[in-house]
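Chemist: Chain residues, written in single-letter form:
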Amino acid sequence: MGTKGRRPARATPERRDHAARRQAALLRLTTAIAAAADERAVYGSMVTGLHDEALGFNFIGVFLHDPATGDRVLQASRGWKDVPANWRVKRGEGISEQAIQDGRLHYTADVTRESRYLPSLNSGSEVDVPLRVDGETIGVLVVESSEPRAFGEEDFEILTAAANQASIAIGRARLFDTERRRAGEQQALLDTMRDLAGELELARVLQAVLERAVTLLGVTGGEVAIYDEERRELAVVASKNIGKDSTGTRIRPGEGAMGTVAESLEPLIIPSYHEWLGQSPQYADVMVHSVMAAPLLIGRRLVGAIATVHSDPARLFGGEDLRLLNLFAPQAAIAIENARLFDAERQRAEEQQALLDTMRDLAGELELSRVLQAVLERAVTLLGVTGGEVAIYDEDRQELEVVASEKIGKDSTGTRIRPGEGAMGTVAKTLEPLIIPSYHEWLGQSPQYADVMVHSVMAAPLLIGRRLVGAIATVHSDPARMFGGEDLRLLNLFAPQAAIAIENARLFTDSQRQREYFEALVSNSPVAIVSLDREYKILTCNPAFETLFGYSRQEVVGQDLDALITTEATREEAKGYTERAIRQPIHGFARRRRKDGSPVDVEVLGVPVLAEGSRVGLMALYHDITELLQARREAEAASQAKSQFLASMSHELRTPLNAIIGYSEMLQEEVGDLGQEALVPDLRKIHAAGRHLLSLINNVLDLSKIEAGKMDVYAETFEVNPMLEDVVATVRPLADRNANKLVVRAEGVLGSMHADLTKVRQILLNLLSNACKFTERGTVVLGALREPTPDGGGESMVFRVADTGIGMTPEQMERLFEAFAQAEASTTSTYGGTGLGLAITRRFCHLMGGDVQVESAAGRGSTFTVRLPVRMDGPVATAA
Amino acid sequence: MPKILLVEDNEMNRDMLSRRLMRRGYEVEMATDGLEGVTMAVAGTYDLVLMDMSLPGIDGWEATRRLRQAPETTTLPIIALTAHAMAGDRERALEAGCSDYDTKPVEFDRLLGKITALLSGGA
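Protein chains in written order, with this note's numbering: chain H, 755 to 1634; chain Y, 72 to 194.
If you're looking for bench data, these hints aren't it; they were derived computationally from the structure.
Heads up, the beta-carbon is just placed ideally off N, CA and C, and yes, glycines get one too.
A portion of the hints provided could be inaccurate.
[Unchecked claim] Far from chain H by the CB rule (all over 10 Å, computed), these chain Y residues:
#1 P73
#2 N81
#3 N84
#4 L88
#5 V99
#6 A141
#7 T145
#8 I150
#9 A154
#10 E162
#11 S170
[Said to hold, decoys possible] Label pairs and their in silico Cβ distance ranges:
#12 H:H1446 to Y:D86: 33 to 41 Å
#13 Y:T187 to H:H1446: 37 to 45 Å
#14 Y:T187 to H:F1399: 50 to 58 Å
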């Protein structure tokens, strides 16, 4: 589900981690969208990205608004089965229409409250984000969750970012499509013209036209000129038999025969050229008698002129000649016009090609300075300018920084420019393009550019939406060249490319920085870290790994980890770890082998590596625990020695103690025979003290065995009732001593249980003797029943020992089961006991998979409850 | 009166236990190690053996196994006496062929109960 609202802004590690993950997801998403080749791919990568990033969205769909019908038409979706392709949501239906209408993000926390919601789609909450291209809403991104109120601020941020990136990509894809179509159309036009003209070289076409005209008209010769609109001159390009080769001659309108028809746009016959007042000095040396000239027109527009001449004074031009000339003139005019169109179109086609090339080159390139240098070079070539530069906007310092520079008279890379300073600073402030016809007269010039040889400047801001990301400037150092509207149009083709490149690079750099941070963490880690691919081959390792195992990174990359650092004996075990770790985290201790063959004891942690929701491999961490193990072995040896000492000590103590107990007991019997009854109380005291000392020794021995893990448990199957009778018989003398009533309450059929009989008896004896000891003239109840375990998987035997004695305070109960923790020191002197009974009782319960609990209040008695599994796990002994 | 063989290496235990048993009217003979115990039990006419388990030479378990193999003592009641309730000792004693088992230091009344039960059951 989406995150619940905004989290606290505190930068906890979880929060940083969370933010980093979302940022990484956003980067992958926007990069995928930006890399999409066409509009359809943009929709696909947007919904797939939002779905696969596991952000908790159940449905993601992109609808385009159909302006003709007002419907929304599904372009791509993820997350619902059975959604029809090209699904059409009618105008007026569904809640996603609002976003189209007002161009804003809409969040519906509970769609079931919306009358316009289409109830066929099982959903809880919905976010609709408009897709806007060139200021116009073209569609809507619809994201749903099956839970109500599933979305929060973070979701809105990520969805808005995805929609914005998609809008840029769609705009670019559409521009790309348009340009590609135009390029195609122009290519077709060029092909057609090539067919029509048959011959591409204008001069040869015109020469051919001229020669046919000369032959057909039976004239001496002639010439053809084309009109150069820019220079307002005719230029002779074909010439035949006029007494010299006039090709290249330039003629002003009004000058000579062709100049005259170029001005009048009417044909002209000059019967005697040498007597004509309008003759041109450039033709003073030609042997010409009469001349017929005509303008070459496309409609009323002059494209050139044609002239034919007779050098024979006997020949004159007449109406028939004019008619014939008029057959050829349009041919020449069309040829000229086609050639001009062809040149212009070829130029445009080159522009298109340059743009397409730039777009293609930039698609995969993420290194910013190279991208911007490429954009700049293309722009310089296409605009035919001297040079230029590109700067990116540093939001933190609020400055532009020049990152690409081309032929502006110095390398300006690294120059920092404040908004408002110079040409780029100005456009960064106004966010509008700017043309400066004469830079050195311009009042806004920056002192940083005082030394550059620049005549005129054209600059434009680089924008993502209305957000400034940089600036581009181009310059002419040639005073003859001026920037105009056409140049601005061309610059605007490149500016968005540069802007997108900067934006992508920024996202890329952020993630790069983050990756470098994590890489630093790994490489500085004292723990050996190695990552594996899905085939368990090593991808990389950190320096600690190299140190621990003695292999260099180059040696291990591509190798099988388990073959590298194991011996025959440990290989299978290591493989087992690896195979489990690709699915779930594992933890263990093992012995591995260094490169030099020496063994090393390690703690191993293995974790699966997930990327975009799928397992791509695993990571293993090794911590050298050789010293730790050594310390543990020493500690264990010490503990072993202690246990051994205690065991033999208690045995050695017990032997003389047995004599003390035995003889004092025997003497009590024998003194009666000897008539010395007065000695009996003293003998009884010796006997009791001996018994107490014995139980103390036994308990210390038990406890030390438990703590050394040496206490064995022998499970056997026994009937519960006889065991209870036996225990009660043992404890009854104790109960009688304090005048307590001892009651057994067995509920239901107890049957048999499978446990360590000796320990169960000891538990109950401990509890019952305590109860008898701390109760006077009261009641001690031993209860027992079977009950199912809470998980329902088995049965417990529950024993309850309740007394009406002195009870305990909560403080006393806290330390009750700790060793040597009788409530107070004075208790021991009043009530006797070793203070170990309950500690042993609880440990015995644990050993058999059960537990003991106590309820008590001072002066209100105590109840101890023991729960043991009816069948304990563990070694099974032969039944008694 | 029933005749009991007490196999016990510790002198004080032997002295104490034998005196108390005799006070109750039992006839008691004593062996100080496992081998002596087996020899006496097979040769003699005892109604019951009290067998300490930790004996020098052959221990109580081995001695019991040998008695069970000898035809004369196959069914002779043997009560094992072991040190403080080591759970394993009890099982091992029964496995070796002991009829019953009790712990040391001896709780005399309880031991008497076991002796009486075995003697009346075996009679």
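Chemist: Now tell me if each hint is right for this structure.
Modeler: Okay, the hints, checked on the actual structure:
1. At roughly 20 Å from the closest C-beta of chain H, the C-beta of Y:P73 stays outside 10 Å, upholding its exclusion from the interface.
2. With a least CB separation of 7 Å from chain H, Y:N81 falls inside the 10 Å interface cut-off, contrary to its annotation.
3. Distance check for Y:N84 against chain H: the nearest CB is about 6 Å away, which does not clear 10 Å, and the non-interface claim fails.
4. For Y:L88, the condition that its CB be more than 10 Å from all CB atoms of chain H is violated, with the nearest at approximately 7 Å.
5. For Y:V99, the non-interface assignment is confirmed: its Cβ lies about 14 Å from the closest Cβ of chain H, beyond the 10 Å cut-off.
6. No Cβ of chain H comes within 10 Å of the Cβ of Y:A141; the nearest lies about 24 Å off, and the non-interface call holds.
7. Once the 10 Å rule is applied to beta carbons, Y:T145 is consistent with being away from chain H; the minimum gap is 20 Å.
8. The Cβ of Y:I150 lies farther than 10 Å from every Cβ of chain H, with a closest approach of about 15 Å, so its non-interface assignment holds.
9. Once the 10 Å rule is applied to beta carbons, Y:A154 is inconsistent with being away from chain H; the minimum gap is 7 Å.
10. A cut-off of 10 Å between C-beta atoms contradicts the statement that Y:E162 is not in contact with chain H; the least separation is 5 Å.
11. Consistency note on Y:S170: stated as away from chain H, and its beta-carbon is indeed over 10 Å from all of that chain's, at 12 Å minimum.
12. A hinted range of 33 to 41 Å is violated for the C-beta pair H:H1446 and Y:D86, which are about 24 Å apart.
13. Restraint check, Y:T187 to H:H1446: a C-beta distance of roughly 29 Å breaks the suggested window 37 to 45 Å.
14. At about 40 Å, the beta-carbon gap between Y:T187 and H:F1399 misses the expected band of 50 to 58 Å.
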